[in-house]
Amino acid sequence: MATDIDLHLGKRLRRRRRLLGLTQQQLANAVGIRFQQIQKYECGANRISAARLWQLAEALETPVSYFYDGLAEAVARADAAEERSGEMFSRKETLDLIQAYYRLSERPRRRLLDLAKSLDTENETAA
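Quick note: the sequence shown uses my numbering, first residue 1, plus one each step.
Please note: incorrect hints may appear among the correct ones.
[Claimed, not checked] Calculated pairs, EDC-like style, for lysine to aspartate or glutamate (alpha carbon to alpha carbon, straight line, at most 16 Å): (1) K40 <-> D6; (2) K11 <-> E106; (3) K11 <-> E73; (4) K40 <-> D69.
Source of the hints: derived by calculation from the structure; they are not laboratory data.
Using the sequences and the hints, build the whole thing.
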């Protein structure tokens, strides 16, 4: 399971690669791995070792520290979101809503979800 750090490093890797106009295949060739591995790094599915991070930084002509820029803020945001979600799922009304939702058949569930999304959009435009 990807950690917040793995996800952050992957996003930074993708951003730098795209900024330089490189494909995943080109970057993979530069560091001697398959492009699938670059895909896994970029989505946070695989952890990037220190040695590999060094190779990637060299290939992308950037210091290793580039990958860690903004990490503290990203982890703090993720922690706050996780805390909010934990509070939300501990409420009885949330559990009741989830149980009622899954008692519905597929079509009414889809319609209810669409309704909820449309209500959320209305709140955003009113703000």
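Checked hints:
1. K40 <-> D6: Judged against 16 Å, a Cα distance of about 10 Å means the pair holds.
2. K11 <-> E106: 35 Å, violated
3. K11 <-> E73: OK: K11 and E73 at ~14 Å, within 16 Å.
4. K40 <-> D69: Since the Cα atoms of K40 and D69 sit roughly 20 Å apart, the hinted pair is violated (cutoff 16 Å).
Hint compliance for this structure: hints 2 and 4 are not met, and every other hint is.
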